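Chemist: Sequence:
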Amino acid sequence: MMDDPRHQRIRQLVSKGFTPKRIARLRADLEAITGSTLDSVAPEPGRRGSCDLVTDVAAELPLQAICLLLGAPGEDRHALCEWVDVTSSDFSDEVPSSVRAQASANLFQYGQRLIRDRTADPRDDLLSVVIHGELPDQDPPRLDETEVAMFWSLLFTAGAETTRKAIATGIWELSKSPEQFEALRADRSLMPAAVEEIVRWTTPSVYKRRTATRDAVLGGQQIRAGDKVVVWEMSANRDEAIFDAPFEFRIDRAPNNHVGFGHGPHFCLGANLARQEVDVMLNAVLDRWREIEATGEPTYTRTNRLSGLRTLPIAFTDITRAAD
27 MMDDPRHQRI RQLVSKGFTP KRIARLRADL EAITGSTLDS VAPEPGRRGS CDLVTDVAAE
87 LPLQAICLLL GAPGEDRHAL CEWVDVTSSD FSDEVPSSVR AQASANLFQY GQRLIRDRTA
147 DPRDDLLSVV IHGELPDQDP PRLDETEVAM FWSLLFTAGA ETTRKAIATG IWELSKSPEQ
207 FEALRADRSL MPAAVEEIVR WTTPSVYKRR TATRDAVLGG QQIRAGDKVV VWEMSANRDE
267 AIFDAPFEFR IDRAPNNHVG FGHGPHFCLG ANLARQEVDV MLNAVLDRWR EIEATGEPTY
327 TRTNRLSGLR TLPIAFTDIT RAAD
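27 is the number of the first residue of the sequence shown in this note's numbering; add one for each residue after it.
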């Protein structure tokens, strides 16, 4: 994390690539990816389907969305997804440190090559916008190579894993509340509120740590310059002073002033992309799946940075695969 004015300068440049128009243009591609993902786990006609909700369903869309946004060539996306999966795996996975380090190096080196390519030959993608965007009133007016590389790494690590967890946990929570699942299936105008509630409920990014730059008093607590302060977004999203029945999952919750995407000058630039990904996946699942149930115990990510499902075996009925 960084403070203004450097943060403001970088954010202004990066935000040029996250315009609502650019994000909206991705929807047809996201729907196609989602359709292919659900096809890949579709059962034989007349049979119940089974898969892992996280690794087989929720993981693919966020990774592919970032590849699309950055303009990574289609033939490279499989390798990129594999590297990101390894680097974002938690430490309960049996992944040797050497394998994790190599995946990180591969991802960084690939990013450097793509950055050099887009520097010389810009395309209609987010990476080109970030590289060539200018703020005439700033010095320097463009991001330097290190700043662009930081953006590349952050987008993959921050964007893929958090949205994966929101999608998986959102579908699971809906499956445990059949009345709400059916209400959302019948009335898709509830979708925007449902997406916000999923983000509040899951809060994949659990906390942020900051260093106080000056003495302050917050909530009656004296904070000295140099003190480390932790903001627990997960706790804030269960605050009884803000939310009615905060420990209940309600797809029609309003108002819903959650901080799942952060707050203030550090509000998540990719929030609208994440919302669209959750929206697209939920709509596809509502159209195709019925009778979703867990067939085993869930496992959870074992880190102090992210919260959410790691694996969850499920069974489901796919109405597009009904018996003839």
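Derived from the structure by calculation, the hints contain no laboratory data.
Predicted model only: the values in this text are computed from it and were never measured.
One or more hints might be untrue.
Quick list of simulated restraints, FRET-style, between CB atoms [what the hints assert, rightly or not]:
{"#": "1", "residue 1": "R236", "residue 2": "E323", "range": "34 to 40 Å"}
{"#": "2", "residue 1": "P148", "residue 2": "P46", "range": "42 to 48 Å"}
{"#": "3", "residue 1": "D213", "residue 2": "L180", "range": "32 to 38 Å"}
{"#": "4", "residue 1": "P122", "residue 2": "V257", "range": "29 to 35 Å"}
{"#": "5", "residue 1": "G290", "residue 2": "T329", "range": "22 to 28 Å"}
{"#": "6", "residue 1": "I268", "residue 2": "S215", "range": "52 to 58 Å"}
{"#": "7", "residue 1": "T337", "residue 2": "I268", "range": "29 to 35 Å"}
{"#": "8", "residue 1": "E317", "residue 2": "E171", "range": "16 to 22 Å"}
{"#": "9", "residue 1": "T329", "residue 2": "A238", "range": "44 to 50 Å"}
{"#": "10", "residue 1": "V125", "residue 2": "G322", "range": "46 to 52 Å"}
Where is the CB? At the ideal position from N, CA and C, for every residue including glycine.
Chemist: Next, verify each hint and record whether it holds.
Modeler: Each hint, compared with the structure:
1. R236 x E323: 34 to 40 Å: 36 Å, holds
2. P148 x P46: 42 to 48 Å: 21 Å, violated
3. D213 x L180: 32 to 38 Å: 37 Å, holds
4. P122 x V257: 29 to 35 Å: At roughly 34 Å between Cβ atoms, V257 and P122 fall inside 29 to 35 Å, so the hint holds.
5. G290 x T329: 22 to 28 Å: 25 Å, holds
6. I268 x S215: 52 to 58 Å: 25 Å, violated
7. T337 x I268: 29 to 35 Å: For T337 and I268 the Cβ distance comes to about 32 Å; the hint holds.
8. E317 x E171: 16 to 22 Å: 52 Å, violated
9. T329 x A238: 44 to 50 Å: 25 Å, violated
10. V125 x G322: 46 to 52 Å: 26 Å, violated
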